[in-house]
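Quick note, the sequences are listed as chains A, B, C and D, same order. Read in order, the letters of the first sequence are residues 1 to 530 in our numbering. Read in order, the letters of the second sequence are residues 1 to 595 in our numbering. Read in order, the letters of the third sequence are residues 1 to 288 in our numbering. Read in order, the letters of the fourth sequence are residues 1 to 328 in our numbering.
In short, the hints are calculated from the structure, not lab data. Among the hints, erroneous ones may be present.
Claimed, not checked - The list that follows gives simulated cross-link-like pairs (lysine-lysine, BS3-like), each with its CA atoms no further than 27 Å apart:
| no. | chain 1 | residue 1 | chain 2 | residue 2 |
| --- | --- | --- | --- | --- |
| 1 | A | Lys448 | A | Lys350 |
| 2 | A | Lys322 | A | Lys83 |
| 3 | A | Lys130 | D | Lys51 |
| 4 | A | Lys448 | D | Lys51 |
| 5 | A | Lys530 | A | Lys259 |
| 6 | A | Lys308 | A | Lys321 |
Said to hold, decoys possible - To be clear about the criterion: a stretch of chain D counts as covered by chain A if any three or more of its residues have a C-beta under 8 Å from a C-beta of chain A, and this derived list gives those stretches:
| no. | region |
| --- | --- |
| 7 | 9-17 |
| 8 | 88-96 |
| 9 | 151-165 |
| 10 | 249-261 |
As the list claims (entries may be wrong) - Some chain D residues flagged as far from chain B (calculated, every beta-carbon gap over 12 Å):
| no. | residue |
| --- | --- |
| 11 | Arg52 |
| 12 | Glu54 |
| 13 | Tyr62 |
| 14 | Leu66 |
| 15 | Arg123 |
Predicted model only: the values in this text are computed from it and were never measured. Ideal placement from N, C-alpha and C gives every residue a C-beta, glycine not left out.
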Amino acid sequence: MTSRNIRKLVRTGLAVLAVVPMLALAACSANGASTTPNAAPSDGVLTIGLLGDIGQPPDPDVYYANNGLAIVLNTYEGLVQYKNDVDTVEIAPRLAESWTVSPDFTTYTFTLKSGVTFHDGTPFTSAAVKSSLQRRVDVDGGAAYMAAGVASVETPDDLTAVVTLSEPNSAFLDYLASPFGPKMVSPTGLAANAGSDNAQTYLQTHDLGTGPYELSAVEPGAKYTLTQYDDYWGTKSPFTTVELPIYSDVSSLQLAFDKGDVSAIVAALPSSSLDKYDGNPAFNSDMLPTLQSALVTVNPSKPFFAEKEARMAFMQSIDQKKLVDQVLGARSEPATTLYAKGMISDGSDKQNIEYDPSVMADYAKTLPEGTPMVVGYASGNTNAEQMANIVTANLQTTGIKATAQSYPTSQVFGWANDPTQGPDAFIDGNNGPDGGNPYMWGHVFWDKTGGINYFLCDDPSTDADLNQAVKTGDEALFAKAAQTYSATGCYLNLSYNKDWVVSQKWLDGVAESHNIGANELDFSLLSIAK
Amino acid sequence: MTDVATVRDLEVSLVRDGVRSDVLRGIDLSVRSGEILGMVGESGSGKSVLALAMMGLLPTSAQPRVGGTVGIGDTDMVNGRPDELRAVRRNELGVIFQDPMTSLNPTMRVGAQIDESTHDSAESLRLMTAVGIADAALRFTVYPHELSGGLRQRIMAAIAVAGRPSLIIADEPTTALDVTVQAQVLDLLRELRDEFGCSVVLITHDLAVAAQIADRVAVMYAGRIAELGPTEEIIHRPTHPYTVGLLRSRLSLDTPRDRRLLTLRPETASAAERLKGCAYHSRCPLAVEQCGVEQPPLAPAAEGTAEVSSTEHVRACWRSVSDVQGYTHDTLDAPPIAAAPSSGASDATQPAVLITGLTTVFTLKGGGRRRRQVHALRGIDLSVAAGEAVSIVGESGSGKSTLLRVIAGLAPATTGRVQLAGRGAQMVFQDAGSSLTPWLTVGDILRERLRPLKLDRAATARRIGDSLEAIGLPETVSTLRPAQLSGGQRQRVALTRATIIPPSVLLCDEPTSALDASLAASVLNLIRELRSSLDMTVLFVTHDLAVARLMGDRVVVMTQGTIVESGEADAVIRHPEHEYTRSLLASVPEIGVLS
Amino acid sequence: MTALPEVGTRRFRMPAASLGAHAGTRLSVAILVALGILTLVALFARLLAPYDPVQPIGALNLAPGAEGHPLGTDSIGRDILSRTLIGVQVSWFSSLIIVASGLVIGGLIGVAAGVFGGWVDAALMRFTDLFLALPGTLVAIAIVAALGYNLQNTLIGIAVVWWPYYARIIRGEVKSFAARPHVEAARVAGASRTRIVFRHIVPGVVPTAIVTASLDIGNVVLLLAGLSFLGLGQPAPAPELGADTARNLSQLLSEWWVPVIPGLAVLVLSLLSNLGGDAVRTLLAKRR
Amino acid sequence: MFRFILRRTGSAVVLLLVLSAIIFVLQAVSPGDPVKAYLGANASPEAIAAKREELGLNAPLYAQYLRFIANLLHGDLGQSFRTHRPVLTDLQSFLPATLELVLFSFVVAVLLGVLFAVSGSLRLKGGALFRGPLLLLAAAPPFLLALGGIVLFYAQLGVLPASGRGVDSSSPTGFVVLDSIITGQPDAIGLTFQHLLLPGVVLAIAPAIAIGRILRSSLDVTMSADYVRTAESKGLTPFAVLRRHVVRNSIGPGLSMAGLQLGFMFAGVVVVEQIFSWPGIGNYLAGSIPVSDFPAIAGVTLVLGTVYIVTNAVVDILQVAADPRLAA
C-alpha cells in the first residue's frame, strides 16, 4: 500500500516537473510582449526603474557612480552643462547665463542667472558658488579633483563669480559641466545641517539644490521619490512626482516595464532585449550619444605582452567592426578615434590600428604551440564577456591557448597595485571620462596616475604632453599624445557606446532631455505625448 | 449471570516485517461479569493480540485482517463504528499494560492523565487513594518518571478503573515489576474486582500468577485456546498435554534440585505443517496421527457426563482426558543430573572468587551541574569456593547485577577488592539477543574469543564446530547472524562464547528471565551440565527464588547493595532468617505440586 | 522505551523518508540506478559533451532543438548541452566532495569523541557545538568573500561549516552503540579496545552515516547553486549550473532556455539525490 | 528551568564573541582594494592614500584588531565601501524588512511542514498530492522558483506584485506590517501581505520540507508509543490523542530543526530578496559581494548570526518547556 503511495506520489511529482518548463514558456510568451501601448499616467507620476540600489548617497560631492546620477542631476544644478540632444561636446549654460575665460585658462568669470532659489528658499548667489566649490574640496570625495585647482572665488556682486585657478586648466569648464562636476548647494542649508561632516549625513536623505525636483523620500534599497520644486526657475514638466523604484533583478524590471508599472528604463537593459523593444510599436526605444566607450587594454607586465610587437599584433587581430556589430549592435558604433567621439574637433586623433589577423597569425608561429593567454572582463558585464569570448575564439585559431576570464570589479581596481596579478588583456565593456575635455579622457586612461589605467601601461611623453595640453587647450598636442600612446599598443578604443533608453509610447522628449555627458534624463524636459 | 464480553470465532492475521501470519485462529470465549479470567500462554501464543482485538486497538501499521466478532455490551469491537468503539473504551473498558513507564505519557502530569478518563480531579484523587497510593494529593502533580514502578502501575490501574468499567484488561501487568510489587499488583486487581464489581481479563505467561487470583484460566497455544476451565481444574486436573507440559516445566520452590528440569519438546515442525492439525502435535508426547491432520475442536473435558459442568471445563485435544491424566501421573522422575562434583571438592586451597569490602558508587550526571551519587554496593564480602555454584537473589536495584559486573570488570570497584582464580571470569547476559553483535556471524563472535590461542584456520573452525555441537547447536549456525536465530539458540551461542575456553568462573546475569518457562528450563539444565563438565564456578544472579534455589548450592540474598542473608540453598528457602528474605518468599506465586 | 536523546544530539534525529516510511524496494533500486547513471554521465561529461563548453561554436542564442545543438546555444554561442553536462559534473562532484569531507572530518571527530569520552569528548563536542551554533551558510559566505571568489574557496568555505552536523550524529550513534550489551560482552570476551571500536561499534554507525550523508547531498547541491548564484562559485566562463543560471538570468524573458536549462539541471540533481537518500534509507532499513 | 535559561544565555554570549573573532580574521585576510571601490575609479592617488590612512588600513594587524573590537563594542561596524554609510545605519534600515520577510516565511514554513508531517503520519487521503509537489518544488533552485513565480503570478496572471514591500519601508519601526497595524490602515496591511506572499512562500518551501520530514519521523515514533495506545484505550478521539499526547512528545526534533532552518533561511533570503527587489539585508549583502564590500559582508554576517544564535537559544528553551525531562 505504501509503495502504491510512492508511485502515486512520483506520478504527481512528474506532473509538477512539467510546471517549471511551463513557467519558462510563460516567460518566453511574455517575451513577445504586448504590442499595444500602455496608457499614460493621469496622476502626474513618472516612474523611472532603477536596476539595483544607487549605492552611494545622492550627495553631489560624494556620489561618483552612474546608477543614481538621475537623482543628483534633477535635484542639483551646476553653473554649466553639456548641450542636450547633440552628439558633440558643447558647453551650454545652466545656472550661469554667460562666462568668460582668460586666455591663460586661469580666470573664469561667470554671470549667474537671477531669480534662482534653492529648495530651502535661499536665493542663489555668487556666495553659493564659493561655498559649493569649497565643500567639494572639504568633502574630498572621488571627484574632488575638479575643484582642487581653485585658488580663489571672488564675488564682486551677487550675480558675478570670479574663479581663479592656481594653475592654467583648459578643462575647468568641462569639470563644471560634468555630471560629476561641482553642483550648487544652498549655503544656509549647509550651515544649518552641517553636523560634523559637512552635512553629508543630512544629504543622504535630503537635498539642498536648485534643481527642478526635490528629494522628498528615501527608502534605502527600495525607492527614491522626487517631487517637483514649485519655484523652479526653468521649464516644468507635467510630472509633479518622479518615483525611482529599485529592481534588483533585470527580468522583474522588464516585466514591470511591460505592464506599464515603469515609465522608462535608462541604460539598464541587456542587449539581449534589443530586438524585443527596438521597433516595438508599444514602446519608444532611443539610442542616445554618450562619451562612453568599450576599450581593449593589454598588460605589458605579463610576459605575453612584454613586447610591443605582440601588443600591436593582438590589437590588429581584433575585427573591431564585426565585434561591435555582433555584440553591441545598435547600441554603439565602431570607434574611429582615440578619444571619445567629437572631443578633437578636427578628428586628428584618428585610430590607426588596422584589422589584419595575419600579423597575429605570423607572430603566433614564433611562439611555442599552446602558449596561454587570458583575456579578462568585469564579472556581470555580459557585453564584455561576449566580446572577450569572441576575441579568444579567434586567437585560438592561431594556436594560442587563449581563454576568457571574469574578475570582480574590486579585483580589477586592485591590479594597479600589482599588474602581474591581472590578466594579459582586459576588455572594458563600457567606460568613459567624467567630462568632454580630451584631458579628462587621456589622463584617466593613459596616465598611470589616472585611475583607469589598470595595467599601468605608461608612456612618459604622453603624460607630459597631456599635462601641457591641458594648460593651453592645444588640441594638436592632445592628438599627438593620443597617437604616441596608441603606438604603445596598450590601448584600443573599440566603440562609441550609446545610452539605450526604453520608454512608454506616451513619453515625449527623451532625446531632448539627454546630453552626451550625463547618462541620465532631465525629467523637467519630459512630457506626455498628445 | 450475564457475560460482559463474548468472543466468537475470532480470527486475526497481522503483517510482521513484511510477512502476514495468522495470530489468532478461531477464539471462542466469554468473560462473565465479576470474574477474573486468566489468559495464559507462551510468547507468540497471541494472548496480547487478543487483548488488543478486544479493545479494537489492533495496530493499523500491521494491517490487521479480522474475522469473527468481539461483543462488549452490545457493541461489536470488530465491525463497530470508530465512535462506538471509543464509547465502549470510555465507558466499558479499562486497560493496564505491561510496562507502566512507557504506558504513561512522560510529559504529562499523572493527575492530568487520570483526569482524561474521569474528567474530575476529585474523582481522580479518590481513585488514586482507592488503588492504594499514599498521599495522592501530593503525587497528583508529578510526572511518571518521578514515580516508582509499583506506583506507576497503580496509576495505570486508577486510569483503568476510572469511569467504573465493566471489564478491565490487564496485559502482563506484573512482568516488568519486582516479585514483591507483583504480589501487591495482583492483590490490587483482586480488590478492584471486589470493590468495583468489574470483570478482569488477566493476561500472563506465568500459570502461577494466573492461578493466584483467576476464577477461570484459559490456556492459549499458537492462536487457539488449548484448554479453558476453573482454575482449580486447570491446575490440578489439566486435560491438555500442553497444560500438563507447562505445569511440569514450571519451576517452583520444591522442584527437585538433583534432577534435570523437565522441558517441553522443542518445536521441530515448520509453521505450515504445525497449522495443519493441532498446532501442538509436533511437540506433544501423546500425539497420534490424527493430531497432525485435523484440528481438535474445543470440547467439554468431563467426558459426556454432567452437561452442567461440560461448559465449565473445555479442551481441544483428540486424546481422551484419561489418557492425558494418565500421562501426567506416570514418569514423575526425570533423569538425575551428574551431581556437581566439585562442591564436595571444595577443599580447594584458595577460593575461585574472593570479594572483600567491596563498595561501588556511581555518580549520575543529571544534565548540567546536578550530580547524584548512587551507592550500588555498600561493602560486600563474599567468598566462592572453586567449583561452587552460588545464586544471588534480589530485586531490581539490589545491586546484584552491579556485583556481577564488578567481578566481570565492567563496573569499577570504589573500594575493596575482587580476586579471581586462574582463568578469570566469563559472563552470560540477561538479554542474549542484544549481547551478540548484530552484524557479526556466530563464527566471527566465537573466533574472537579464540584469538589468544593463535590457532590456525582449520583448528579454529574445528574448535568452534565442536563447542557448538557440545551445546546442542548445528555447526552450520556459525555462518548465521544473531537475528537469524531463535531466543533459545542465541542464549546457547552466548553460553558457547563464554565457555569455548572454559573460565574459572561463569557469571550468569538473569540469563533466562527473557525466555519462556520451558526454554528457560532447558537453558538452566545446560548451565548446570556445563558447570559439571567444565568444572566451573558459577555465580548466578536472578530475581526468582525458585531459580536461585535450583542453580545455587548456596543462595545469597541481596538488597540495597548489601548481602542480608547467605546459606545453603534449601536452608535459606525453608528457614529464612532475614525478614526481607521472608517477604520475598511470601510474594512468590506458588501453586501446589501436581497431585 | 523511547530513550531520550541528550540536549545536543536531539537536534539531529534522522529525517523520515519523505516517500512514506518504506518506499517500494523496486522503486528504491530504480532511483539508485538512476543516480548511478547520473554519476556516470557526470564522470564522462567531457566525453559526452559534443563541444568545448567554453568556446563559442555556433550562432548566438539558438533555441533548443536547433541543428546540432539539442539544448540550443547561449548569448556567446556556446553549446548549452555541453555546458550543462560539464556543469552537472562540477555541481555533482562538488556536492559529493562536500558531503564526503563532512563525513570524514565529522566521522573522525565523532568517533574519537564517542570512543574516548571524558574530557576528549567534552572538548570535541564543545568545539562542534560552537560551529553548529554559528549560522553555517553565512559564515561560509564570509569565508569565501575573504578568500576570494572561486569554486575551490567556496568548497573550502562550505566544508568548514559542514562537518559538525556529522560529528554530532556519528558521536551520538557511537555512544549509543558503545552502551549496548554486545560491546560489554565483547569486553568480557577479551576483545582489545581498538577491536571493539572497529568491529563492534563502527560497523553499526556506518548505515546511519550513509543515510544521513545521502539525504544531505540534495541540500549541498542547492546550497552550491545558491552561492554561485551570488557570484561565489566558478568564475566565468567555466560552466557551473548555478552561475550559468544567474549570469544569464537577464535573458529569461528573451531567450528563456539559456538560464532555465541549467536551473532545471540543478532541480533534477537535487531531486534525484533527495529520492536517492530515501531509497538508501529504505534499502538499509529492509536489510536490518 | 531558570538556571537552564541562564546557562543557555551565557553560551549564546560566548558564541557571539567567537563569531566576531572569526569575522575579524576573515576581514584581515580579505583581498581586493576596498579603497578604490570606496572612492571610485577616477579618484586621485592622494585621495586614496588619505582614505587608507583614515580607515586604518595601513596600521599593523594587531592594531586593526584592537580597533575592530573597540569599534564593535561601540556598535560601530565600520563604514560600507559601497554606500558610504556606517554599516550599522545600513543594517538598521534593511534589517526590519528582512526580519519581517523571514518571520512571515518561517510561519509559512512551519505550517507547511506540520501539514506535510501530519498528512503523512496520519495517512490522510490525498496527502501525497500535497507532499509530492512540495517535495519537487523544494528540489528546485530558489532563484528559478522565484522567477517562475513572478512570471506566473505577476506577469501572466497579474494577481500578485513582484517587487518591493508595497508601502514606504522607511516607516517608524521598519516593520511595515506592524506599522500599518499600529496606525490602523487595513488597506496597507493587505498590500504588505500581498507583497510578502510570493517571496515568503518561495523562501519557505525548502525549510518546510526539512521541518516536515523531521516532524514526520518523530510523529511516527510517538504514534507507536505505548502511552498513545493507553490514550486510545481511554476512548479519546484521534484529535484529542494527537493534541494531548502526540504533539508535545514529538515536537522537540521539529522545533530544533525549525531553529536550524531559520539559520538557513537567513542565508536563503539573500537570493530571494534579490529577485523580489526586497529592500532587505540580503539584497544589501548581494550588492556588497561583487564589490568585496567586506565591512558590509562582515556586518551582515554578525547581525544575522546574532539573530540566529538568539533564536536558537529561544528554541532550546521552548523545547525544555515542552519536555520537562530535558530540564536540568
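Outcome of the hint check:
1. A/Lys448 x A/Lys350: holds (22 Å)
2. A/Lys322 x A/Lys83: violated (32 Å)
3. A/Lys130 x D/Lys51: Given pair lysine 130 of chain A, lysine 51 of chain D holds - Cα atoms ~25 Å apart, limit 27 Å.
4. A/Lys448 x D/Lys51: holds (19 Å)
5. A/Lys530 x A/Lys259: The given pair, whose Cα atoms are some 21 Å apart, holds under the 27 Å limit.
6. A/Lys308 x A/Lys321: With Cα atoms ~23 Å apart, lysine 308 of chain A and lysine 321 of chain A stay inside 27 Å; holds.
7. 9-17: violated (count 0)
8. 88-96: Contact hint for the region 88-96 of chain D vs chain A: holds, 3 residues under 8 Å.
9. 151-165: holds (count 10)
10. 249-261: violated (count 0)
11. Arg52: The assertion about arginine 52 of chain D holds, with a minimum of 50 Å to chain B.
12. Glu54: Holds, since 49 Å exceeds 12 Å.
13. Tyr62: holds (38 Å)
14. Leu66: holds (36 Å)
15. Arg123: violated (8 Å)
In terms of the numbered hints stated before, the structure departs from hints 2, 7, 10, 15, listed from lowest to highest.
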